[in-house]
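Chemist: With the hints as extra help, turn the sequences into a complete structure.
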Amino acid sequence: MLKIWSMKQQQQQAENAEGAAGKKKKKVTAAQLRVQRDLQELTLGSTMKMNFPNPDDILNFTLTIEPDEGMYKGGAFHFNFTVNQNFPHDPPKVKCTQKIYHPNIDLEGNVCLNILREDWKPVLNLNAVIVGMQFLFLEPNASDPLNKEAAEDLRTNREGFKRNVRSAMAGGSVKGVQFDRVMRFNEHHTYGGHDMVKTAAMPSLMDTDMAMEMGCIDWIDFVMKEMSTYTIPTHLLFANVF
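Here the sequence shown stands for residues 237 to 478, numbered as in the working numbering.
There's no promise every hint is true.
Derived Cβ-Cβ restraints for the label pairs, each shown as a range [said to hold, decoys possible]:
(1) D304 <-> N350: 22 to 30 Å
(2) D380 <-> K309: 17 to 25 Å
(3) T392 <-> L269: 44 to 52 Å
(4) K331 <-> D355: 14 to 22 Å
(5) N316 <-> R420: 18 to 26 Å
(6) E277 <-> K329: 14 to 22 Å
(7) E395 <-> F288: 20 to 28 Å
(8) N393 <-> N350: 20 to 28 Å
(9) R391 <-> N296: 34 to 42 Å
(10) E344 <-> V264: 28 to 36 Å
(11) F288 <-> N393: 24 to 32 Å
(12) E277 <-> E395: 35 to 43 Å
Calculated pairs, DSS-like style, for lysine-lysine (alpha carbon to alpha carbon, straight line, at most 27 Å) [to be verified]:
(13) K309 <-> K384
(14) K357 <-> K331
(15) K285 <-> K309
(16) K329 <-> K309
(17) K398 <-> K357
Derived from the structure by calculation, the hints contain no laboratory data. Built from N, CA and C at the ideal position, the CB exists for glycine as well.
Modeler: Here it is as structure tokens:
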């Protein structure tokens, strides 16, 4: 259960303090009360994190999704949530803060999820939106795209789409578009008896499956750019690639 402050108690305390100081009482809105309830009922899995940049503002927060399976495994994807005062009659606004390669997220970060658009109903809650967001990374939907090129790749060449995903997540370019590096920080790896700690948001250099997907030439170039983030001899980086 996500622990969140009690809006009613906070309101009462604020009213008491303001009343004593002769200030105007600050009213808690219906949208804030509904968001509070949604947050209290929300259970986040280990692959998701929420953050409130302003602890006094629960209508604006961030969600980080860190898939542990599927094609986007190993990434950390950040989204801004903005809830307006007409919530729950209006859906929350959700936008990705990174440029990522995904059929349902365009290059500006707009998200294509049906319950954020025509299928939204006031009975739906934030948990439904967050679960839907998580599912987009487990099962990208090529039939309802915002990035049509990525959707076409997914429909016609699934293996090529996987390679594009890994390249984009590593901060590479796909079809002339440069993407943000979104691989998670501080991952630990062991290779040849050596314990390595990743110190930058990058994919594992010892992930030979990824090496085969990217192709040896691209892989070598990538390693040469990023190997300074590891404390391991260069010859070991390539030992398992060829």
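Chemist: Honestly, which of those hints from before does the structure not fit?
Modeler: Violated hints (numbers, rising): 7, 11 and 17; every other hint is consistent with the structure.
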